[in-house]
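Residue numbers (the working numbering), protein chains in the order written: chain A, 1 to 209; chain B, 1 to 267.
Quick caveat, the hints were computed from the structure, so don't treat them as lab data. Predicted, not measured: the structure shown is a model, and the values here were computed from it. Each residue gets a CB set at the ideal place from its N, CA and C atoms; glycine is no exception. Treat the hints with care, as some may be off.
Capping the alpha-carbon separation at 25 Å, the derived lysine-lysine pairs in DSS-like fashion look like this [to be verified]:
(1) A:Lys121 to B:Lys164
(2) B:Lys135 to B:Lys208
(3) B:Lys208 to A:Lys61
Restraint ranges, calculated between C-beta atoms of paired labels, are given here [what the hints assert, rightly or not]:
(4) B:Asp219 to A:Gly64: 45 to 51 Å
(5) A:Thr115 to B:Asp219: 17 to 23 Å
(6) B:Ile258 to A:Ser2: 41 to 47 Å
(7) A:Lys5 to B:Asn242: 52 to 58 Å
(8) A:Glu67 to B:Asp63: 36 to 42 Å
(9) A:Gly12 to B:Asp219: 37 to 43 Å
(10) B:Glu114 to A:Asp71: 19 to 25 Å
(11) B:Asp218 to A:Lys41: 22 to 28 Å
(12) B:Thr160 to A:Glu209: 52 to 58 Å
(13) A:Leu158 to B:Glu114: 46 to 52 Å
(14) A:Gly12 to B:Leu245: 34 to 40 Å
(15) A:Asp35 to B:Leu245: 43 to 49 Å
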Amino acid sequence: MSTIKVSVIDYGMGNVCSVISAIEYLGAKVELISDPEEIVKSNILIIPGVGSYNKGMRALKDRGIDEAIVDSVINKGNKILGICLGMQLMGSHGTENGDMKGLNFISNKVTNFSTEELDGKKIPHVGFNTVSFNEGTDFFEGLPQESDFYFTHSHRMLLDDLNSTHAICKYGVDFLAAFQVGNIFGTQFHPEKSQTNGLVLLKNFLKSE
Amino acid sequence: MLKKRVIFVLLYDNGIFSYSRNFCLQKVGDLNWLKQNYNFSHISFFIDELIILDVSRGERDSDKFNDHIGALTEECFIPIAAGGGIETASQARDLFKHGADKIVINSLASASTEVINEISMEFGRQSVVISVDAKLEEGKFNSWINSGSTRHTPLLEWLTDISKLPIGELYLNSIDNDGVGNGYHLDLLDSLPESFPVPIILAGGAGKYEHFADALQDDRVNAVATANLFNFIGNGLEKSRNKLLSNGFNLAHWDSYIALKMKNILI
Numbered sequence: 001m002s003t004i005k006v007s008v009i010d011y012g013m014g015n016v017c018s019v020i021s022a023i024e025y026l027g028a029k030v031e032l033i034s035d036p037e038e039i040v041k042s043n044i045l046i047i048p049g050v051g052s053y054n055k056g057m058r059a060l061k062d063r064g065i066d067e068a069i070v071d072s073v074i075n076k077g078n079k080i081l082g083i084c085l086g087m088q089l090m091g092s093h094g095t096e097n098g099d100m101k102g103l104n105f106i107s108n109k110v111t112n113f114s115t116e117e118l119d120g121k122k123i124p125h126v127g128f129n130t131v132s133f134n135e136g137t138d139f140f141e142g143l144p145q146e147s148d149f150y151f152t153h154s155h156r157m158l159l160d161d162l163n164s165t166h167a168i169c170k171y172g173v174d175f176l177a178a179f180q181v182g183n184i185f186g187t188q189f190h191p192e193k194s195q196t197n198g199l200v201l202l203k204n205f206l207k208s209e
Numbered sequence: 001m002l003k004k005r006v007i008f009v010l011l012y013d014n015g016i017f018s019y020s021r022n023f024c025l026q027k028v029g030d031l032n033w034l035k036q037n038y039n040f041s042h043i044s045f046f047i048d049e050l051i052i053l054d055v056s057r058g059e060r061d062s063d064k065f066n067d068h069i070g071a072l073t074e075e076c077f078i079p080i081a082a083g084g085g086i087e088t089a090s091q092a093r094d095l096f097k098h099g100a101d102k103i104v105i106n107s108l109a110s111a112s113t114e115v116i117n118e119i120s121m122e123f124g125r126q127s128v129v130i131s132v133d134a135k136l137e138e139g140k141f142n143s144w145i146n147s148g149s150t151r152h153t154p155l156l157e158w159l160t161d162i163s164k165l166p167i168g169e170l171y172l173n174s175i176d177n178d179g180v181g182n183g184y185h186l187d188l189l190d191s192l193p194e195s196f197p198v199p200i201i202l203a204g205g206a207g208k209y210e211h212f213a214d215a216l217q218d219d220r221v222n223a224v225a226t227a228n229l230f231n232f233i234g235n236g237l238e239k240s241r242n243k244l245l246s247n248g249f250n251l252a253h254w255d256s257y258i259a260l261k262m263k264n265i266l267i
């Protein structure tokens, strides 16, 4: 088997070290890229990121990365994994610090956990929480149907009418923890900080056809 | 269900990892010592998070500290928080760049909240951990700053102020119990204002499994931390975690032994 090469998109939002070291641990090669032309040519993309939706989306736009990602994923069919903010940016829009349109790979929007649904629970939602997968698919292969993953976020996507492979986590409300629509993958949790559960999931993404 | 956490804390003193007792530091060993005595890439699969604090007294060599963070975080797939003496947003940016997911702020919070606001705007409030050191004096808890050398305010007052900041977690440490190994100072939790908004990491005093268990039973505690380099040496953390799990404590599950099989699995 030839070496798998992964491009991690660097758009200045948070720590990319742990994503890189998790991928290297699995035996794949990683490059950190921010050039739109390279993004269009990459077969496997990862958008990591923590921070505010508004700032994240603007960072993609300022670098001309947003259009390159859409071209790469939609027109060229390259596969992509969005992690945490990276997954949120794949939605239709976010409401953190003002409305902002997303990459719109899925129609779900990103809003904050409401006071009613939290019912006294603390924000941010931080720590390992149980994730339930909807069915046995390649993305979740090798993991128990309920597995623990590390989250740290204050905004979430609801499942809405997303009709695809997905996983749910409960924190006051059931929210979207992960999904796969064809070549587009997203996780609200951090697989790179979720011990062996995360390594298994990253391996599944990298090996998926 | 959201899990509670067991956190290992490394106190870094100018290139040497140290043991602290009532905030007096004793040098223990360098990175090689740590790797030999803790089999670090193994033990990291038995903790939920790692906190690395630069507690060097006097001038800090931040480049050297950053290099140590880089070395420790290789093959360590958990969240890393780092801090110690942070005064500017650019110092925080440097730590994020070298592998920290969160930064820990202590004395700065008493001097200026501007930098905290700036970091929180840029990296999100979940990435800011506020550390508070407390000491019991004449029956009342006071907060102390500057590595426990300066009395600040009554603890309740300080925690009330802190609860209004854009932060993600509180690291609450007992100076009296620090490094003593006789258990956590659970009374500290009585100084929390009602419905404190962010998760609480309790630190200072863990010496054995039972101390973790006592603190984790308390609803107000979201995570327990230990910086005791002696009491959990070897596989002490692994044993404690396994015992907590088998006694039904609400900790995350993963199969630690898959890790070896995952290494280079794609080659």
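Now for the hints, and whether the structure bears them out:
1. A:Lys121 to B:Lys164: holds, 17 Å
2. B:Lys135 to B:Lys208: holds, 22 Å
3. B:Lys208 to A:Lys61: Given pair lysine 208 (chain B), lysine 61 (chain A) is violated - Cα atoms ~51 Å apart, limit 25 Å.
4. B:Asp219 to A:Gly64: 45 to 51 Å: holds, 49 Å
5. A:Thr115 to B:Asp219: 17 to 23 Å: holds, 20 Å
6. B:Ile258 to A:Ser2: 41 to 47 Å: Violated, at about 25 Å.
7. A:Lys5 to B:Asn242: 52 to 58 Å: violated, 38 Å
8. A:Glu67 to B:Asp63: 36 to 42 Å: holds, 38 Å
9. A:Gly12 to B:Asp219: 37 to 43 Å: Since glycine 12 (chain A) and aspartate 219 (chain B) have Cβ atoms about 39 Å apart, the given range 37 to 43 Å holds.
10. B:Glu114 to A:Asp71: 19 to 25 Å: Roughly 41 Å apart at Cβ, these two residues miss the hinted range, so it is violated.
11. B:Asp218 to A:Lys41: 22 to 28 Å: violated, 54 Å
12. B:Thr160 to A:Glu209: 52 to 58 Å: holds, 55 Å
13. A:Leu158 to B:Glu114: 46 to 52 Å: Violated, since leucine 158 (chain A) and glutamate 114 (chain B) (Cβ atoms, about 35 Å apart) do not stay within the stated range.
14. A:Gly12 to B:Leu245: 34 to 40 Å: holds, 39 Å
15. A:Asp35 to B:Leu245: 43 to 49 Å: holds, 46 Å
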